[in-house]
Amino acid sequence: MKLKKILPQAITLLVVILIFGFFTMNAQLNMENRGIDFGYGFLSQESSFDVQFSLIEYSGSDSYARAYLVGLLNTLLVSILGIILCTLLGVIVGIARLSPNYLIRTTAAWYVEFFRNIPLLLQIFFWYYAALRALPLPQDAEAIFGASYLTIKGFYTPSLIWENLDIFIYSVIAAIIAIIFVRIQAKKLRENVGKHLPVLNISIAILFVLPLLSFLFGGVNVGYETPELKQLAKTSFKFEGGLSIPPELLSLVIALSLYTATFVAECVRAGIQGVGKGQREAASSIGLNRKQVLNLIIMPQALRIIIPPTTNQYLNLTKNSSLAAAIAYPDLVLVFAGTALMQTGKAIEIVSITMLTYLTLSLSISFFMNWYNAKIAIVEK
Amino acid sequence: MFKYLKQLTSLVAMVAVLFTFTTETMAAKKSKTLKNTQKKGFVRCGVSQGLPGFSNADAAGNWTGIDVDVCRAVAAAVLGDASKVKFTPLSAKERFTALTSGEIDILSRNTTWTLSRDADIGLTFVGVNFYDGQGFMVRKSSGITSTDQFKNGISACTNIGTTTELNMRDFFNSRGISYEPVAFEKADEVVAAYDAGRCDTYTTDKSGLAAQRTKMSNPDEHIVLPETISKEPLGPVVRQGDSVWEDIVRWSLNTMIEAEEYGITSGNADMMKTSDNPAIKRLVGAEGEMGAAFGLDNDWNYRIITQVGNYGESYKRNIADTGILPDRGPNELWTKGGILYVPPAR
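Residue numbers (the numbering used here), protein chains in the order written: chain A, 24 to 404; chain B, 402 to 747.
Be a bit skeptical, because a hint or two may be false.
[As the list claims (entries may be wrong)] Dumping the calculated DSBU-like pairs for lysine-lysine here, alpha-carbon to alpha-carbon at most 35 Å:
#	chain 1	residue 1	chain 2	residue 2
1	B	K674	B	K440
2	A	K257	B	K616
3	B	K440	B	K682
4	B	K632	B	K433
5	B	K552	B	K632
6	B	K485	B	K441
7	B	K440	B	K552
8	A	K314	A	K210
9	A	K300	A	K398
10	B	K494	B	K440
11	B	K632	A	K253
12	B	K717	B	K674
13	A	K342	B	K616
14	A	K211	A	K398
15	A	K342	B	K587
16	B	K632	B	K737
17	B	K541	A	K257
18	A	K257	B	K552
19	A	K342	A	K211
20	B	K616	A	K253
21	B	K616	B	K552
22	A	K342	B	K494
23	A	K253	B	K541
24	B	K737	A	K257
25	A	K257	B	K587
26	B	K587	B	K441
27	B	K737	A	K253
28	B	K632	B	K541
29	B	K552	A	K253
30	B	K494	B	K441
31	A	K342	B	K737
32	A	K218	A	K342
33	B	K494	B	K433
34	B	K485	B	K436
Rather than coming from a laboratory, the hints here were simulated on the basis of the structure. Quick caveat, the model's predicted, so the values are computed rather than measured.
Take these sequences, add in the hints, and give me the full structure.
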């Protein structure tokens, strides 16, 4: 009886090991035949290529390991921006799809159907080349709000120059802790005494007042640097100074968030519709207003339905960000699995590192979302 | 009687099988790649995704270019028919993996011969079919006529996975100029981005610049700057570890170049068979046993010249007549002031 249970599993395991062993041996043999070394030593070698856009200091005299980090951070940047934007847009569109207003409802439906049915790569190309074709050259760009410029070479906007930035950050952290404390107290008050505090207003006030104090007494100061037009040649200009965002990043984030937001919107709509009609009616009948019905009754139940499929969309967005390679945004795939792979020829090593990285990223997101899902799950009493 | 007949047939069949077996092993005894190629009936050749003059497919899917001609020459030598080539378009990033993994047998894709590529990654370069150097293209209207006029903050479009990226860094660093590299995976994307105005300059091998210029929306608006910032000897590559195949590809290329040196063209190769010069007779298979060492017949080089032509014909057809680079520059024979010089076929 026991053997009958164990035997099939043991055989399966054996087959899996054999298959992996076969491929590993084959790869080793082939690489040996062709005189290719295996090893990760190249990571500490000088990379000797430059990268267009990096969040950390990097030049070609740094190592391949640092080039990897540059790519990873760029991938994370696109993913995080994309996830934030697609969530905001997705929630708005999802709720709009249920709007009683015909125009809003239909527009939202058209948006969803249009953007989710066109391949993402095509959309990325569209936004990139549309941006390149439609945006003005730096010298022709009109100022937006006086000091920002959207040009074919990127978006240029004044950057802030901080004094005593650390004190400002501490004040923000202090504000967040204070808000959490207020919320806990408010919840206690509501449950014990039945009194409602205007938590949102108090939170906003704290978030403004504490950082403001850091300006007044903490010696925090903010200056700014505006982009200036600089001539490179007779007809060639660029902006210098300030904050510059390359058009590759802009179009990638736009394409990814517009595409993924359609799926998030559908998750949100499904979640809201998944809450029974009786819940809403019951909530209204005990005297809760529309806002309270949505916040206290509908959303807590809807989130249970919304979170798991939305996690999938976040994972998709992160993985889809690797399409960046098509439009020269230096993400992990372009910098590491592209240039670094070509310059070193270490295909197996680099592809394995890249795969592991994406796996880790996806698992982290998944882990976080599962934790959040468990936290908001309704506990049956 | 009938019984004996049957036995006799089987004996004959056995002898025949044995004979074909031995001849085949004789012909391809050292080269697995040669054997596989003859069995498949076509040469597997990796080319670019479209670089006029070097390897470019027309609307009907016919490939032309001097890189393509190297593969055709090998097909003519090995299979007797220059058209029996299967072309695989590859990006700069994919090319070496495709070769080392055995997806293709020759990589003839404007690939620069460098020490690390030759030594490190399981490749062997067999020769040079185009001497090139990296250059810069700019818009005429910018007024830039020399790289000396480049200023800090210039943005440069290029391909990833090429020596270009490394040379560009060396060039700008040595001059202390800060620059913004914008690197795409496909050449067409680089051209589109530069053409749209994303970059101030486009940098790659000069031959590539000249060829890609023809693809721009208005070629006359762009110029290639005179400076050459690197040596880029481009040539066909094979996998390491098959020296016979390596020799076949090397001498197919050498044959084309040497044929030009001796004035043998696709038109006069037949007449040359009766030439007085033994060097010429060797090149058209009329003297010596030049193919035996590769496991090929004696007409292998004659077929290359008649079916593909000599190097000069190939250059004229693909690069000069298409207006890409009418001046042969260093790619002229050593006897005419260039640096094309190949070992003698004897």
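Checked hints:
1. K674(B) to K440(B): At roughly 30 Å apart (the allowed maximum being 35 Å), K440(B) and K674(B) satisfy the hint.
2. K257(A) to K616(B): 24 Å, holds
3. K440(B) to K682(B): With Cα atoms ~30 Å apart, K440(B) and K682(B) stay inside 35 Å; holds.
4. K632(B) to K433(B): 34 Å, holds
5. K552(B) to K632(B): Within the cut-off at roughly 24 Å; holds.
6. K485(B) to K441(B): Holds, at about 10 Å.
7. K440(B) to K552(B): The given pair, whose Cα atoms are some 57 Å apart, is violated under the 35 Å limit.
8. K314(A) to K210(A): Measuring from Cα to Cα gives roughly 18 Å; hence the hint holds.
9. K300(A) to K398(A): 25 Å, holds
10. K494(B) to K440(B): 29 Å, holds
11. K632(B) to K253(A): 33 Å, holds
12. K717(B) to K674(B): 24 Å, holds
13. K342(A) to K616(B): 33 Å, holds
14. K211(A) to K398(A): 18 Å, holds
15. K342(A) to K587(B): Since the Cα atoms of K342(A) and K587(B) sit roughly 21 Å apart, the hinted pair holds (cutoff 35 Å).
16. K632(B) to K737(B): 21 Å, holds
17. K541(B) to K257(A): Between K541(B) and K257(A) the Cα gap is close to 10 Å, so the pair holds against 35 Å.
18. K257(A) to K552(B): Measuring from Cα to Cα gives roughly 12 Å; hence the hint holds.
19. K342(A) to K211(A): Violated, at roughly 42 Å.
20. K616(B) to K253(A): 30 Å, holds
21. K616(B) to K552(B): Roughly 27 Å between the alpha carbons, so the hint for K616(B) and K552(B) holds.
22. K342(A) to K494(B): 20 Å, holds
23. K253(A) to K541(B): Holds. K253(A) to K541(B) sits at ~19 Å (cutoff 35 Å).
24. K737(B) to K257(A): Cα-Cα ~41 Å, so violated.
25. K257(A) to K587(B): Since the Cα atoms of K257(A) and K587(B) sit roughly 29 Å apart, the hinted pair holds (cutoff 35 Å).
26. K587(B) to K441(B): 30 Å, holds
27. K737(B) to K253(A): 48 Å, violated
28. K632(B) to K541(B): 25 Å, holds
29. K552(B) to K253(A): Holds. K552(B) to K253(A) sits at ~10 Å (cutoff 35 Å).
30. K494(B) to K441(B): It holds: about 27 Å lies between the C-alpha atoms, which stays within 35 Å.
31. K342(A) to K737(B): Given pair K342(A), K737(B) is violated - Cα atoms ~56 Å apart, limit 35 Å.
32. K218(A) to K342(A): Cα-Cα ~46 Å, so violated.
33. K494(B) to K433(B): 26 Å, holds
34. K485(B) to K436(B): 15 Å, holds
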